[in-house]
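Enquirer: Sequence:
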Amino acid sequence: MKIGGHKLEITHEDKIFFSKAKITKGDVVDYFRRVANVMLPHVRGRPLAMRRHPDGIKGEGFFQKEMPDYFPRWIQHVTTPRKEGGKVDNVVCNNAATLVYLANQACFTPHVWLSRRDKLDCPDQLIFDLDPPGKKFALVRFAAKTLHDLFDELGLCTFVKTTGSRGLHVIVPLDRRHDFDTARTFSQDVACVLAHRHSKRLTVEPRKNKRRGRLYLDTARNSYAQHAVAPYAVRAIEGAPIATPLRWDEVSDSKLYAQRFTMKNIFQRLSRTSDPWKSLRRSVRSFKAARKRLDAIMKKELKK
DNA sequence: GGAAGAG
DNA sequence: CTCTTCCAACGCGGT
DNA sequence: ACCGCG
Ligand SMILES: [Mn+2]
Ligand SMILES: [Mn+2]
Numbered sequence: 001m002k003i004g005g006h007k008l009e010i011t012h013e014d015k016i017f018f019s020k021a022k023i024t025k026g027d028v029v030d031y032f033r034r035v036a037n038v039m040l041p042h043v044r045g046r047p048l049a050m051r052r053h054p055d056g057i058k059g060e061g062f063f064q065k066e067m068p069d070y071f072p073r074w075i076q077h078v079t080t081p082r083k084e085g086g087k088v089d090n091v092v093c094n095n096a097a098t099l100v101y102l103a104n105q106a107c108f109t110p111h112v113w114l115s116r117r118d119k120l121d122c123p124d125q126l127i128f129d130l131d132p133p134g135k136k137f138a139l140v141r142f143a144a145k146t147l148h149d150l151f152d153e154l155g156l157c158t159f160v161k162t163t164g165s166r167g168l169h170v171i172v173p174l175d176r177r178h179d180f181d182t183a184r185t186f187s188q189d190v191a192c193v194l195a196h197r198h199s200k201r202l203t204v205e206p207r208k209n210k211r212r213g214r215l216y217l218d219t220a221r222n223s224y225a226q227h228a229v230a231p232y233a234v235r236a237i238e239g240a241p242i243a244t245p246l247r248w249d250e251v252s253d254s255k256l257y258a259q260r261f262t263m264k265n266i267f268q269r270l271s272r273t274s275d276p277w278k279s280l281r282r283s284v285r286s287f288k289a290a291r292k293r294l295d296a297i298m299k300k301e302l303k304k
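Residue numbers (our numbering): 1 to 304.
Treat each hint with caution, since some may be false.
For lysine to aspartate or glutamate, the following DMTMM-like pairs were computed, each having C-alpha atoms within a straight-line distance of at most 25 angstroms [what the hints assert, rightly or not]:
no.: 1; residue 1: Lys299; residue 2: Asp189
no.: 2; residue 1: Lys2; residue 2: Asp27
no.: 3; residue 1: Lys83; residue 2: Asp189
no.: 4; residue 1: Lys15; residue 2: Glu238
no.: 5; residue 1: Lys299; residue 2: Asp181
no.: 6; residue 1: Lys288; residue 2: Asp152
no.: 7; residue 1: Lys300; residue 2: Asp218
no.: 8; residue 1: Lys58; residue 2: Asp27
no.: 9; residue 1: Lys20; residue 2: Asp55
no.: 10; residue 1: Lys58; residue 2: Glu9
no.: 11; residue 1: Lys264; residue 2: Asp131
no.: 12; residue 1: Lys264; residue 2: Glu13
no.: 13; residue 1: Lys20; residue 2: Asp30
no.: 14; residue 1: Lys83; residue 2: Asp181
no.: 15; residue 1: Lys65; residue 2: Asp30
no.: 16; residue 1: Lys7; residue 2: Glu66
no.: 17; residue 1: Lys87; residue 2: Asp181
no.: 18; residue 1: Lys303; residue 2: Glu153
no.: 19; residue 1: Lys83; residue 2: Asp121
no.: 20; residue 1: Lys83; residue 2: Glu66
Calculated directly from the structure, the hints in this document are not laboratory data.
Given these sequences and hints, build the entire structure.
Expert: What follows is the structure in structure tokens.
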């Protein structure tokens with residue numbers, strides 16, 4: 001296969017990766033070739049952690065952060081310091097050829113950092129991870145919408161995607177003027193305010209046995225060298241569900257669920273509707289002003 | 001999926 | 001040569 | 001200091 005001026009040999013095209021949906025490795029490679037144009041803007045410039053499944057979804061799968069020596073020289077990469085010493089040489093996926101090469105390496109669930117290579121210490125987005133306690137996806141939709149409303153009050157834009165697994169991710173574009181510790185503390189404070197406003201349904205309680213059926217507002221991703229599943233990544237779950245950017249009005253649909261979009265129906269969606277995240281990079285608002293507004297809300301509502 | 005070490 | 005193993009890591013809270 | 005989460 002010739003792509004972007006690179007010739008790639010695709011191996012084991014007929015190997016079954018998803019048995020129930022009868023999706024082969026060749027199908028997966030073809031998926032990434034076709035989705036590249038809409039996916040690349042969201043992964044470009046970011047350290048990428050490879051989630052690989054060489055034996056398809058019936059195998060174990062593993063994370064790999066270090067780019068192997070045998071990868072071709074045209075694949076871009078960036079060295080990042082580890083928090084407790086040492087370093088990692090990460091893949092950076094800036095073009096369709098790399099996406100296809102990774103797919104042939106059985107990496108079909110790439111994860112990406114919340115910061116970009118030119119400013120690794122300052123995230124350009126926050127992520128709130130919303131998973132249902134048990135099976136109640138309506139609670140995930142509720143949490144996402146109330147988060148959206150709170151960020152409206154704070155003057156920040158929000159974007160939402162299915163994770164393709166159990167829940168939703170809410171993304172908040174940031175101005176890269178603040179480090180991870182500052183951004184994470186802000187996200188934790190936002191979660192505390194929201195949990196306090198909706199204490200019957202939401203919680204920031206990490207202990208599972210103290211959540212009592214409430215949805216956990218998970219801010220754990222908002223740290224250095226952490227990563228989240230990339231938009232349009234394929235999850236290692238039967239049916240090949242895809243992490244799919246949504247419009248906010250879709251979150252109000254009671255028929256929405258985390259695995260709503262799959263390798264089988266995603267291109268039908270993409271031909272009908274334009275990229276819901278097209279404006280993401282133009283939606284950066286002032287963190288300073290938002291922090292100030294949140295401080296006022298905390299003083300009024302949290303009381304201690 | 002591929003490298004490296006053990007046997 | 002074949003077979004097995006290895007491929008991540010941050011902050012938090014509790015021991 | 002180490003373990004178990006997410
Ligand atoms: Mn999740
Ligand atoms: Mn979670």
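Enquirer: Are the hints correct? Go through all of them and say.
Expert: Results of checking the hints against the structure:
Using a Cα cut-off of 25 angstroms, the hinted pair Lys299 and Asp189 holds, with the two alpha carbons roughly 11 angstroms apart. With a C-alpha separation of about 16 angstroms, the suggested pair Lys2 and Asp27 falls inside the 25 angstroms cut-off, and the hint holds. Between the alpha carbons of Lys83 and Asp189 the distance comes to roughly 24 angstroms, so the proposed pair stays at or under 25 angstroms and holds. Proposed proximity of Lys15 and Glu238 is supported: the alpha carbons are some 15 angstroms apart, at most 25 angstroms.
Proposed proximity of Lys299 and Asp181 is supported: the alpha carbons are some 21 angstroms apart, at most 25 angstroms. Among the hinted pairs, Lys288 with Asp152 is consistent with the structure: their alpha-carbon atoms are about 15 angstroms apart, no more than 25 angstroms. Between Lys300 and Asp218, the direct Cα distance comes to roughly 24 angstroms. Compliance with the 25 angstroms bound is thereby established for this hinted pair. Straight-line distance between C-alpha atoms of Lys58 and Asp27 comes to about 17 angstroms, which keeps the hinted pair within the 25 angstroms bound.
Restraint check for Lys20 and Asp55: the C-alpha separation of about 15 angstroms stays at or below 25 angstroms, so the hint holds. Restraint check for Lys58 and Glu9: the C-alpha separation of about 24 angstroms stays at or below 25 angstroms, so the hint holds. For the suggested pair Lys264 and Asp131, the alpha carbons sit about 24 angstroms apart, so the restraint of at most 25 angstroms is met. For a cut-off of 25 angstroms, the pair hint linking Lys264 to Glu13 stands: about 18 angstroms separates their Cα positions.
Straight-line distance between C-alpha atoms of Lys20 and Asp30 comes to about 19 angstroms, which keeps the hinted pair within the 25 angstroms bound. Straight-line distance between C-alpha atoms of Lys83 and Asp181 comes to about 13 angstroms, which keeps the hinted pair within the 25 angstroms bound. For the given pair, Lys65 sits about 24 angstroms from Asp30 by alpha-carbon distance, which is consistent with the 25 angstroms threshold. Under the criterion of a C-alpha separation no larger than 25 angstroms, the hint pairing Lys7 with Glu66 is consistent with the structure, at around 23 angstroms.
A threshold of 25 angstroms between alpha carbons decides the hint, and for Lys87 with Asp181 the separation of about 20 angstroms falls inside it, so the pair holds. A C-alpha spacing of about 19 angstroms is found between Lys303 and Glu153, which places the hinted pair at or below 25 angstroms, so the restraint holds. In summary, the hint linking Lys83 to Asp121 is supported, as the alpha carbons are separated by about 11 angstroms, within the 25 angstroms threshold. Distance restraint check for Lys83 and Glu66: the Cα-Cα separation of roughly 15 angstroms lies within the 25 angstroms cut-off, and the hinted pair is therefore satisfied.
Going through the hint list in order, the structure satisfies each hint without exception.
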